[in-house]
Amino acid sequence: MTMPSTPTFSVLRAGMSIHGDLVSEDGFTCLALVTGNVRASHGLLHIGRGGVVHGDVEGEHIIIDGTVEGDVKSRVSLKINGRVIGRIFYAGTIRLGENVTLEGSSITRVPAVGYVPSPQKEDAPAIHIDDAQVPGTAA
Amino acid sequence: MDMREIEQLHAQYAQPTLTIDVSPSPARSSTPPLWLGNENSGGFGKEASAPAGGNLSVPPRALWVAVFVVGAAAMFLIGSSMGKRDARTHSSDGPAAAVSASEAGPSAASQAEPEPHSHEWPVRGDANNVTSPASGAAPLAAAADTQRITLPSQEPVKSTAPAPKPAPAPAAPAAAASAPAKAAAPVAPAQIARPVASPQAAPNREIKLF
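Chain order of the listed sequences is A and B. For the first sequence, this note's numbering gives the first residue as 244, with consecutive numbering after it. For the second sequence, this note's numbering gives the first residue as 1091, with consecutive numbering after it.
Pulled out of the complex, with its shape left as it was, chain A reads as follows:
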């Protein structure tokens, strides 16, 4: 039963554990433990509270309320209100919530989707936030 008004999305409920990469055409919410890379082509990629991803996360819109141990690449918008251990690349806007935790992370704004910056540029303009909790938002 599909409703035209409701968006198409998937939910990985808590208590699940997935070993391998996840690729979704539409958005999904991850409340489970994923060991691998997670990618969503369209919609929202939501790492909910209690969700853990050991790998890279890439999506159009990304909301991280759980834990990500890997690189995060957002094409349009990125909102982090959880814990990220890895590099952060975003091409649109970024918002940091009250409960954000960034460990050894570098935040880099990239000009376009799929842009892979060179290591020199990656280090130079990056904002390094080490073991600090940054409350509030930034755009």
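Don't read these hints as lab results, they were simulated from the structure. For each residue, glycine too, the CB sits at the ideal point set by N, CA and C. Hints are not guaranteed to be accurate.
[As the list claims (entries may be wrong)] Short derived list, chain A residues pointing at chain B, Cβ under 8 Å:
{"id": "1", "residue": "Thr-249"}
{"id": "2", "residue": "Ala-257"}
{"id": "3", "residue": "Thr-272"}
{"id": "4", "residue": "Arg-292"}
{"id": "5", "residue": "Ala-334"}
[Claimed, not checked] The calculated label-pair distances, taken between Cβ atoms and stated as ranges, are:
{"id": "6", "chain 1": "B", "residue 1": "Met-1091", "chain 2": "A", "residue 2": "Arg-352", "range": "39 to 47 Å"}
{"id": "7", "chain 1": "A", "residue 1": "Asp-269", "chain 2": "B", "residue 2": "Trp-1154", "range": "54 to 62 Å"}
{"id": "8", "chain 1": "A", "residue 1": "Thr-249", "chain 2": "B", "residue 2": "Arg-1151", "range": "55 to 63 Å"}
{"id": "9", "chain 1": "B", "residue 1": "Glu-1095", "chain 2": "A", "residue 2": "Asp-264", "range": "22 to 30 Å"}
{"id": "10", "chain 1": "A", "residue 1": "Pro-354", "chain 2": "B", "residue 2": "Leu-1167", "range": "56 to 64 Å"}
{"id": "11", "chain 1": "B", "residue 1": "Glu-1095", "chain 2": "A", "residue 2": "Arg-352", "range": "26 to 34 Å"}
[As the list claims (entries may be wrong)] Negatives, chain B to chain A, calculated, CB over 12 Å:
{"id": "12", "residue": "Ile-1096"}
{"id": "13", "residue": "Ala-1101"}
{"id": "14", "residue": "Tyr-1103"}
{"id": "15", "residue": "Ala-1104"}
{"id": "16", "residue": "Gln-1105"}
{"id": "17", "residue": "Pro-1106"}
{"id": "18", "residue": "Val-1112"}
{"id": "19", "residue": "Arg-1151"}
{"id": "20", "residue": "Leu-1153"}
{"id": "21", "residue": "Ala-1156"}
{"id": "22", "residue": "Phe-1166"}
{"id": "23", "residue": "Ile-1168"}
{"id": "24", "residue": "Gly-1169"}
{"id": "25", "residue": "Ser-1171"}
{"id": "26", "residue": "Met-1172"}
Place chain B on chain A using the hints.
Chain B only, in chain A's frame:
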């Protein structure tokens, strides 16, 4: 977070995003922009400035052609004017040079010297002729102009006036001689009337008439 909140969250982000492509299109990249602002402008700015750039892509060639044509015309006019000027200088100097070249003798060269002073009036040669007292009759044009020219014309009158004066001296014996002749010869009434009009009075009358 229950399913209802998750559903609302996905519904919020499910809307298609508005994408503005800032990369230059290949059709417009073929014509290079004429100003730097075109590169930095966004999609809307490019749309607004694209027609102006399209119109301006053609004029530079026409502009260069027009500039070239105008420059060529200016060079032609300058060259033609210089040629005319040279032709005039050659035409003015040519005959004199030709005369001096053809007449190798020094006399011809001396005759050719007054030519440069031909613009003076009266001509030096004529002025010398007028001022010379030897010539009794001055040219009409020279006599009417300057005092140097009229002065010699008055001198003959003075010189002619005293000329009759010595005549009375010998006239005394002549009159004495003629007196008996007059007394001897009967005087005609016509001859008596004629001496009233003396020969000196006649020219005076003529001058008055003039």
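Contradicted hints - numbers only: 2, 5, 6, 12, 13, 14, 15, 16, 17, 18
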